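If you read the sequences in order, they're chains A and B. Using our numbering, the first residue of the first sequence is number 1, and each one after it goes up by one. Using our numbering, the first residue of the second sequence is number 1, and each one after it goes up by one.
These are calculated hints, taken from the structure and not from any lab test. As the structure is a prediction and not an experimental result, all values here were calculated from the model. Please note that the accuracy of each hint is not assured.
As the list claims (entries may be wrong) - Just so you have them, the derived chain A footprint on chain B, three or more residues with Cβ under 8 Å:
1. 31-39
2. 59-71
3. 193-199
4. 239-246
5. 295-308
A virtual CB, placed ideally from N, CA and C, is assigned to each residue, including glycine.
There are 2 protein chains.
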Amino acid sequence: MARNTHVPADLSAPPVTAILAKFVATHPARGWSDAVEHEAHRTFYNWLGCAIGAARHEAADAAIAAVQLLQPAPQASVLGRSEKVDMASAALVNGITSHTFDFDDTHLKTIIHPAGPVASAVLALAEKNGSKGRDVVDALVLGIDVACRIGNTMYPDHYDRGWHITGSTGMLGAAAGCARLLKLDEAKTQMALGIAASQPVGFREQFGTMTKPFHPGGAARAGLMSALLASQGFTASPRALEAPRGFVQVASDKRAWNEVTDELGQRFEISFNTYKPFACGIVIHPSIDACVQLKNLGLTPEQVEKIELRVHSLVLELTGKKEPKDGLQGKFSVYHGCAAGLIFGRAGEEEFSDAVVNDPRVVEVRSKVLATVDDSISESSVDVTAVLKNGERVHVRVDHAIGSLENPLSDQQLEAKFSQLVVPVLGERKARDITEACWRLASMPDVGVLTALCRP
Amino acid sequence: MARNTHVPADLSAPPVTAILAKFVATHPARGWSDAVEHEAHRTFYNWLGCAIGAARHEAADAAIAAVQLLQPAPQASVLGRSEKVDMASAALVNGITSHTFDFDDTHLKTIIHPAGPVASAVLALAEKNGSKGRDVVDALVLGIDVACRIGNTMYPDHYDRGWHITGSTGMLGAAAGCARLLKLDEAKTQMALGIAASQPVGFREQFGTMTKPFHPGGAARAGLMSALLASQGFTASPRALEAPRGFVQVASDKRAWNEVTDELGQRFEISFNTYKPFACGIVIHPSIDACVQLKNLGLTPEQVEKIELRVHSLVLELTGKKEPKDGLQGKFSVYHGCAAGLIFGRAGEEEFSDAVVNDPRVVEVRSKVLATVDDSISESSVDVTAVLKNGERVHVRVDHAIGSLENPLSDQQLEAKFSQLVVPVLGERKARDITEACWRLASMPDVGVLTALCRP
């Protein structure tokens, strides 16, 4: 009946739980380059914008309504809303909202969205405890390093099996970040990681439902509670990650332990974090980027007779929906993405609303987009030609879309994305004040000043 | 690097998430035999004794201290203690204490300890909501059926991989029980199971640490929250259990779907639940049972020159510690178990204390126990001969130890076990009152009366 196809247990695994615990507990504050420090601020800022942007989504409403049944103490803010709840519930809800639009950060090596679990847990705990911004940034960098290094150890096998790797490594990052923020010693940090190791969250079958964004939220909550439990003397296996019946070996046949130890404390995985400029799957991004460039060259939809795309076959396989009927279908339509880029010069959450997808002007431009498969073009590239009514042809080639590691969003572009998300929820003034606060996060004496700004 | 050894996805799995949801939402109240109804009361009573008995354990102290950091509302009781906490935290803590002594119930087909996750979640929710005992019993029977049927579907492969199956099926049982108690309809019950399916808890590497009992506690909490989320409109995949990237297929190569559907609503898995008479691993139980019988025949330790055991080889492999030094080692010593049985006529948590293990009288009797391997004797049996100083030989053969499915504890024996656990914590009067309340659980108008008795 059961075919036992498991790979053999690895009895010689290095003590990665202990190694990571020591790293988290003892690495010096701001023990990295200016570039890493700046990336940490960008990661935090992008995450915060996503969380605030989805604050009024029905997933947030449902999650908060459930949490309210616990009559939580008002310890930490639900970002973008007036409610305060206990810190563990805040970690949960902010983790959910930050991933609701699928617009958060991506560690491309593993497709982990690391800020969701880590920042949601760390900020909730920091607000409750009145922590300094410096400590929050340190916790974020170290927590993300833990989650992504364990992700590197198991990816792709772990993901291929069906785990949603963001939630199934995120609890470790959240535990690490919170342990750091609580200034736990090595031994207790090891216990925090151990308790968290028993609580991976999420399977890919949930994609398309509210339980997908629940995964980073649940991981944030589990990691925070693991650190609190460890702080009070709760114990776990000191080899919870690497033992034959520990998390990594049970959850993955790939166990590249060197991914934990290589350049630990020198190379930081947050350096490889990226931020989406468009609120849809990454495979459409080059095409949207090209159409935004056409608009920026001065072209108007009225001038255009047709837009010819040459794309990798995967683009049409995943996003070939010619006539999307609603916002969600729009996210799977390269045609819609191009129309949005040409008309609005952007493709944020708003451009994937039902209203915009069904706007006659958008429908018309969408019908002018033609796509041809050309597998000499890579998945991350596109070749676009706009044929104008006057016969002119305007050509744009995108090798690496904006938002990729090779062509990252500038700080200014991140700010524009943040405004798109936050202004409709909190208004322009607050969006500006939060932006300013985020860029100087590391020097804030108490992050409660920032979280107060995030409430209406 | 990664060897892909996964069994192929099963694309023809029946819709077990929907099937179980319909069952849980629509099966009639008390829709089973008197025997099942009585077993539900035994399961609940045994679970409650274990939870109260460990209320002062350091694992409970640490867990409660962590939970108190959330400043929880006093919604539900921590059993055996004066604290009240929010219902989700109560589910967590009571789930932890009920498994702390490894003395709780066992569904032998899967070695799931089903009451820990299910009863802990259901009672906390019931106390908060002032539920009737009838509804609690219904929720318990149905929740345990869900957890154990999913366990049957995956066992043994899922356990062999390294999952602690109690926590990795328990969240489903807890979600089912709580959904029933909340009277969720089929559709919302399906969502509750779906949300819970993303939150399996626990790996076997944690055995021997506090995180082992954390597993049923974490599962209880996760299941309760899943039901609350579903009640507020939170969504999940309707095929979260059976889809190729859903929980069961990711977590097990064995996928015996018929275990979900066979005799559903007719055969109840709670019928196969058992209760340990002795606070140690089940492999020593026949030997202890035999020595208790020797004492009950009137033998005193002073009369005995030696005790000869003939046991299966596994007994010495797992519990062959001749000279245990502390309580924990005592649990792995068949010699100590026999001495306790002969001297005290029992082997509860107290007989595995450091003091008793090092008591000179116990050490002396232990030295008189001799064990011989005889593989013609099954793992669940023992052949014991007491050789007396006067030359007499007294022989006891145990085929199925007390507490096994073939030779279950009587209600009276369950009461004796309950007293051993509860009297030291709450006193005799309360132990008696709780006992009485438990046997008439199904007819209680409000289970809050019972939980009030469980506080000092």
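**Study point:** Unmet hints by their number, sorted upward, for this structure
**Key:** 1, 5
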